[in-house]
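Novice: Each chain, letter by letter, is given below.
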Amino acid sequence: MDLSAISPTLLVASLMVAATPILLAALGEMVVEKAGVLNLGVEGMMIMGAVTGFVAAIETGSPWAGFLAAAIGGAAMALLFGLLTQVLLSNQVATGLALTLFGLGLSALIGQGYVGIKATSLGRIDLGALSDLPFVGRVVFGHDPIVYLSLLLVLGVWAFLRFTRAGLILRAVGESHDAAHALGYHVRRVRMLAIAFGGACAGLGGAYLSLVRVPQWTEGMTAGAGWIALAIVVFASWRAERVLVGAYLFGGITVLQLNLQTAGARVPVELLSAAPYLVTILVLVLISVRAGRGGAAPADLARPFHAST
Amino acid sequence: MTALLELEGLTKAYPGVVANDDVSFAIARGGVHALLGENGAGKSTLVKTIYGLVKPDRGRMRLDGYPFAPTEPREARAAGVAMVFQHFSLFDALSVAENVALGMETPPPIRDLARRIRAVSEEYGLPLDPARRVGDLSAGERQRVEIVRCLLQEPRLLIMDEPTSVLTPQEVGILFATLRQLSAQGTSILYISHKLEEIRALCDAATILRGGRVVGGCDPRETSAAELAERMVGAKLSAPKAGGGAPGDTLLRVEALSLPPLSQFGMPLREVSFELRAGEVLGIGGVAGNGQDELLAALSGERLATPGSVVFEGADVSRLGPVARRRAGLLTGPEERLGHAAAPDMTLTENAALTGAARKGMLRRGFLDWGRARDFADEVIARFDVRTPGAGVAARSLSGGNLQKFVIGREVLQEPRVLVVNQPTWGVDAAAAGAIRQALLDLAAGGAGVIVVSQDLDELLEISDRFAALNAGRLGTPVPTAELTMERVGLMLGGAHDMEATHA
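From first to last, the protein sequence lines are chains A and B.
Heads up, the first sequence is in my numbering, so the first residue is 733 and it goes up one at a time.
Heads up, the second sequence is in my numbering, so the first residue is 442 and it goes up one at a time.
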């Protein structure tokens, strides 16, 4: 095995790219769960974002239009979930699972004519001399705009939840919808907005896969990224800064195992490929052992709300 | 005095029930007005109407002479109406300051708000730390959060829904001092309570509701509690009578029982010891969250204790689960009716079978005899006057008082040797509460041992032979109830000493 073939610079730079789709999706899902809604349809919203983004980018020739369309596509899927669970009061877990299946199927249908085409990729932001600095240049200044956007979103969500009144109301709705309702807050409206935001984020994450990371359309290309995003929200105990850590940790292991494979490590390839998932399970177990019962989860997570009186 | 708020012919109907029927009365400026009535008399609907949570079908309200018809709480708050809720209005995971901010229209930045919370809480003798998590506070402190939240809005009308149900006598005293201070400053107070003596001590006017209608008004200072109760219920009430008789052998002995807390916000049990004798009712008082749930779980067998700590009729049952303890005759009735004492979506028959199967012979080679289960459910319904269309309805569909009668009756009719109940009459109206207390006394008179865990001190003093206080997971030494005064009980409950000083 030749470990010197693994360059730390490239490793860090590529883990950021590998982690961005999950980071976006997990961040959106965290906001949704903070509002007390469990949307298990992240995978479906991601793949819909991937396909609508790809189609829009091919048809218009602009990757930016693609990302916009992906956000809209993801949000539309999420609002379908919102309509079912918040207005028609269907079961959130079942509806979320159905949303994933529906998204996988619908995206395959939409994307039929687009298999094998290559999309115009998003350019890196060129910061001239800064990007030429050793290590730092490649790691900090050498990315495409969406990577920076995702980092800004982490900061934005963190500040929103911590410092703004709207953020406080969103947390309150997730903690106790009955109390929030009694104080006169619009539980359903807050949750719908959170759900739409979560869908838009998942859509962006999906489009990042189909427009930047791969960049092609293949059926089922999200390959479980949405599920990992859901796990990362729990891993992060519903905090934005920890979502970032979790997503980059997962991205890091994904990239590392690829590097180890190419470096010829004497470990079965299957085991290496499974490593990120195994580590995710391990971390989740450790966290739930430490946090005890309940932990940091919003108290009214996944409980249906109906203003009866 | 002129009227601040006038209600005129308010009517609100829900499918199948008229919650408010042509309700009219007026609240004087600076007055403390009591709203009396049993469960389901329409008090909640009425205050929700005033607070803008419910839109009336008919009728008008006038605030300060101007028409007042809030469509949401925001409007009511803007008009100067504030409300302290019975429950459901605090957020455990948020800080005191955040909770207060959520109840205000235009809150200042958190740091200024923290300063104002300190100022107001000192002015009214209600000490509060704005940075603490609400989930870690005691019931009395939680209520202070709600009151301070209201006071910061400088309300003209303060609505209080059952504010004293979870407070120690000392805390009640502090609350009343605060309310009198507010009333003297010109704030009107609408006060809802079951506790008639409190209303007589505090309020200067009262409106009595029964079945959604106003059945009369009175001056509670000049009306006896018995008369108020009769007008509320519409019938004479009789106080429960104890059977008397000397206590017999020791049935249950608990020795140095220690347990870690149930949850993040729970309380550990610390070296709890007591004995329960046959024919005796032991009352265990204490403010909520002092270990009641943990004690009940340890006695019922939901949580296993260290060997030798729970001894029932001479046998060590501390490592036995609930089913084995039931079979031996140690029965329990937990506090939470829906979801703990009864499975909400299952029928009364099924719920009867869930705890009664072993003792009432419903099991035949592992199969349930549904006929016997139905007979048992029917027996409970008949003996305890449970108002329900039949044993086939879901537990959820019963009103709180009726379901409580059912779950207590289910345990009593299994003829336990020892029955442990937690909050047997919580949120239950006077007539149903009387029936439940009588059933517990009858059980003790028949030779069983009864432990009543409750936050209602009047109830404990009325029915128990000995009284012990649970404070921070420690159980005090049981004292014969006959020797007790309210003041002594308050001191036994503890935790209130520091608050007296701030009000002096």
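No lab work stands behind these hints: they were computed from the structure.
Warning: the hint list may mix true and false statements.
[What the hints assert, rightly or not] Simulated restraints, written as ranges between beta carbons of each label pair:
1. B:ALA625 <-> A:LEU1018: 33 to 43 Å
2. B:TYR455 <-> A:VAL819: 48 to 58 Å
3. A:VAL1017 <-> B:ARG499: 35 to 45 Å
4. B:GLU546 <-> A:SER969: 27 to 37 Å
[Unchecked claim] Which chain B residues stay away from chain A? Per the calculated CB distances, all over 12 Å, these:
5. ALA444
6. ASP463
7. LYS489
8. PRO511
9. GLU513
10. ASP533
11. ALA534
12. PRO550
13. ARG559
14. ARG573
15. ARG597
16. GLY627
17. GLU638
18. THR747
19. VAL752
20. ALA784
[What the hints assert, rightly or not] Take a look, some chain A residues computed to stay more than 10 Å from chain B by CB distance:
21. PRO740
22. ALA826
23. ILE901
24. SER908
25. LEU915
26. ALA997
We put the CB at the ideal spot given by N, CA and C, even for glycine.
Novice: Does each hint hold? Answer for all of them.
Specialist: Cross-check of the supplied hints:
Range check, B:ALA625 to A:LEU1018: Cβ separation about 58 Å, and the 33 to 43 Å hint is violated. With their beta carbons about 21 Å apart, B:TYR455 and A:VAL819 fall outside the hinted range of 48 to 58 Å. Look at A:VAL1017 against B:ARG499: about 59 Å separates their beta carbons, and that is not inside 35 to 45 Å. Under the hint 27 to 37 Å, the C-beta atoms of B:GLU546 and A:SER969, about 32 Å apart, fit the expected range.
At the 12 Å boundary, the C-beta of B:ALA444 stays outside the reach of chain A, the nearest C-beta of that chain being 25 Å off. The beta carbon of B:ASP463 is kept farther than 12 Å from every beta carbon of chain A, the shortest such distance being approximately 20 Å. A cut-off of 12 Å between C-beta atoms contradicts the statement that B:LYS489 is not in contact with chain A; the least separation is 7 Å. Here B:PRO511 does not stay apart from chain A, with its beta-carbon only about 9 Å from theirs, under the 12 Å limit.
Interface exclusion of B:GLU513 from chain A breaks down, the closest Cβ pair being 5 Å apart, not more than 12 Å. For B:ASP533, the non-interface assignment is contradicted: its Cβ lies about 6 Å from the closest Cβ of chain A, within the 12 Å cut-off. Non-interface call for B:ALA534 relative to chain A: violated, since the shortest CB-CB distance, roughly 5 Å, does not exceed 12 Å. For B:PRO550, the non-interface assignment is contradicted: its Cβ lies about 9 Å from the closest Cβ of chain A, within the 12 Å cut-off.
The Cβ of B:ARG559 sits about 20 Å from the closest Cβ of chain A, beyond the 12 Å cut-off, so the non-interface label holds. For B:ARG573, the requirement that its beta carbon stay farther than 12 Å from each beta carbon of chain A is met, with the minimum near 16 Å. With a minimum CB-CB distance of about 18 Å to chain A, B:ARG597 clears the 12 Å threshold, and the non-interface call stands. The Cβ of B:GLY627 sits about 25 Å from the closest Cβ of chain A, beyond the 12 Å cut-off, so the non-interface label holds.
With a closest Cβ-Cβ approach of about 28 Å to chain A, B:GLU638 is found to remain outside the 12 Å limit, as its non-interface label requires. Distance to chain A confirms B:THR747 as a non-interface residue, since its nearest Cβ pair spans about 21 Å, more than 12 Å. With a least beta-carbon separation of about 29 Å from chain A, B:VAL752 lies farther than 12 Å from that chain, consistent with its non-interface assignment. The beta carbon of B:ALA784 is kept farther than 12 Å from every beta carbon of chain A, the shortest such distance being approximately 17 Å.
Its beta-carbon lying about 40 Å from the closest one in chain B, A:PRO740 satisfies the requirement of being farther than 10 Å from that chain. No Cβ of chain B approaches the Cβ of A:ALA826 within 10 Å, the least distance being about 17 Å, so the stated non-interface status holds. The Cβ of A:ILE901 sits about 7 Å from the closest Cβ of chain B, inside the 10 Å cut-off, so the non-interface label is violated. At roughly 5 Å, the least C-beta separation between A:SER908 and chain B is not larger than 10 Å, which violates its mark as non-interface.
With a minimum CB-CB distance of about 6 Å to chain B, A:LEU915 fails to clear the 10 Å threshold, and the non-interface call is violated. The Cβ of A:ALA997 sits about 43 Å from the closest Cβ of chain B, beyond the 10 Å cut-off, so the non-interface label holds.
The structure shown violates the earlier hints numbered 1, 2, 3, 7, 8, 9, 10, 11, 12, 23, 24, 25.
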